[in-house]
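Colleague: Protein chains in written order, with this note's numbering: chain S, 262 to 494; chain A, 262 to 494.
Certain hints may be false.
Across the chosen pairs, the derived CB separations fall in these ranges [stated by the list, open to error]:
1) A413/A to Q305/S: 33 to 43 Å
2) P324/A to S383/S: 17 to 27 Å
3) P394/A to P324/S: 21 to 31 Å
4) G387/S to G437/A: 51 to 61 Å
5) P447/A to Q305/S: 19 to 29 Å
Simulated crosslink set (DMTMM-like; lysine to aspartate or glutamate; CA at most 20 Å straight-line) [claimed, not checked]:
6) K268/A to E361/A
7) K268/S to E351/A
8) K289/S to E302/S
9) K312/A to E430/S
10) K483/S to E380/S
11) K268/A to E351/S
12) K312/A to D365/S
13) K289/S to D265/S
14) K312/S to D325/A
15) K312/A to E302/A
16) K312/S to E351/A
17) K450/S to E401/S
18) K289/S to E351/A
19) K289/S to E322/S
20) K312/S to D365/A
21) K450/A to E430/A
22) K483/A to E439/A
23) K312/S to E322/S
24) K483/S to E430/S
25) K312/A to E361/S
26) K289/A to E463/A
27) K312/A to E397/S
28) K312/A to E401/S
29) K289/A to E351/S
30) K483/A to E430/A
31) K450/S to E361/S
32) K289/S to E344/S
33) K312/S to E397/A
34) K312/S to E302/A
35) K450/A to D325/A
36) K450/A to D484/A
37) K312/A to E322/S
38) K312/S to E401/A
39) K289/A to D265/A
Calculated directly from the structure, the hints in this document are not laboratory data.
Beta carbons are placed, not taken as given, at the ideal position from N, Cα and C, and that holds for glycine.
Number of protein chains: 2
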Amino acid sequence: MSSDLAKLYYFHGRGRVQQSRWAMAAAKIPFTNVCLSTSAEFAQLCEVPGKLSYGQVPMLELPDGQCLSQSMAIVRHATRVGELYGTGHEEAARVDEVLEGIQDARGPIISFPFMNAQEACSRLHGSVQRFFPCFEALIERNASPPYAVGTALTIADVLLAELVHSTLEALTATFGDEAGSQVLGPFPKCRAVHAHVLALPEITQFMNGPNWFAFPAGQVGKDYVRNVQTVLN
Amino acid sequence: MSSDLAKLYYFHGRGRVQQSRWAMAAAKIPFTNVCLSTSAEFAQLCEVPGKLSYGQVPMLELPDGQCLSQSMAIVRHATRVGELYGTGHEEAARVDEVLEGIQDARGPIISFPFMNAQEACSRLHGSVQRFFPCFEALIERNASPPYAVGTALTIADVLLAELVHSTLEALTATFGDEAGSQVLGPFPKCRAVHAHVLALPEITQFMNGPNWFAFPAGQVGKDYVRNVQTVLN
């Protein structure tokens, strides 16, 4: 069975590969996670020529054995296969513009399990206030709600939805149910993208399937940090 | 004249837009630099809706008035227009893998003028030792020297050449002529990409034309830092 599936190598958790997982799901590319547990497993993977181009995970192994490193290279690969780059050069450029903005905004999500939760949420709140007005303006300028670019789903929508979702999870886990809707209240267009993407059957299936990991708050976050440290040390 | 040209808005120097300039040149897209000098100019640009998507430069204004932010979105736009993404999805994915590695490696080049030069070179040397063996292996695996991906020029080659070039400039400016060739000596495949790209007529023309800025060492770096601070404050 597994030889028919693409394999996504990473740690036991979300981290830098989470956007790749959303992208693979949205592109309807079947995949399975291969989660590293020990430094020996990681060393073994590093030793095979052509597996880890930069000696790091995430890495996507395609069914034909080809390996692709770098989370955003994996995202863009899924985007091309799933035809989620919009129509023509101009929409592709707009999609890239949104993706790069998301990368700038998303740092506090990545560092969340490695920091004090309240401090991480404070940084996340700052990031929301800095970037979400820009995303609202981009969606408004596109004038085809809920889409950020063009008149159909693109990876820009998918990763905006992921950012909204992770932000809600971080705030809810730290300050309770009200916190998320309070912080994201002023950004109805981003919330509409989120709602639209979450209702897609392929995303519903992903979020209820084996490729979904819980947000790294509390004990989940502690276990994830220990896993990363064990594998890399 | 200027209405026929794409305009690249940034500070008076290299910084984050330098890769976009190499990409535009390699893609043979005529462009001119619009260099900000005052905070009033920047504020004025921020006020026009649709100009700066994230309230920051670089921004590329196309001849039709469309504006595109984010340096790597500009790089990828030039890449598509110039057909420098290779052939097919697999080569495009390989190109992205190289571009993301370059981004990981390139931090010390960006921060160079904002740091002590010797400290910056020490970080740069560390980055070369960490990433250049990976680039050598990728070029070797591709088996069509000097190209990093496929059998013709891609943006991966262009931005690898830019990285080699900036690295040589940083080391030469700080430690003299020998330092660059000493550090890059063990990486003949990267040096071959650099030599190949530098010999392209469009790159020769770029490097000898008005869109070329000197490496930000010494007084050039000090002037650049003052320019950035003046515009942003």
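Colleague: Which numbered hints turn out to be false for this structure?
Modeller: Hints 2, 4, 6, 8, 9, 14, 22, 34, 35, 36, 37 not satisfied by this model.
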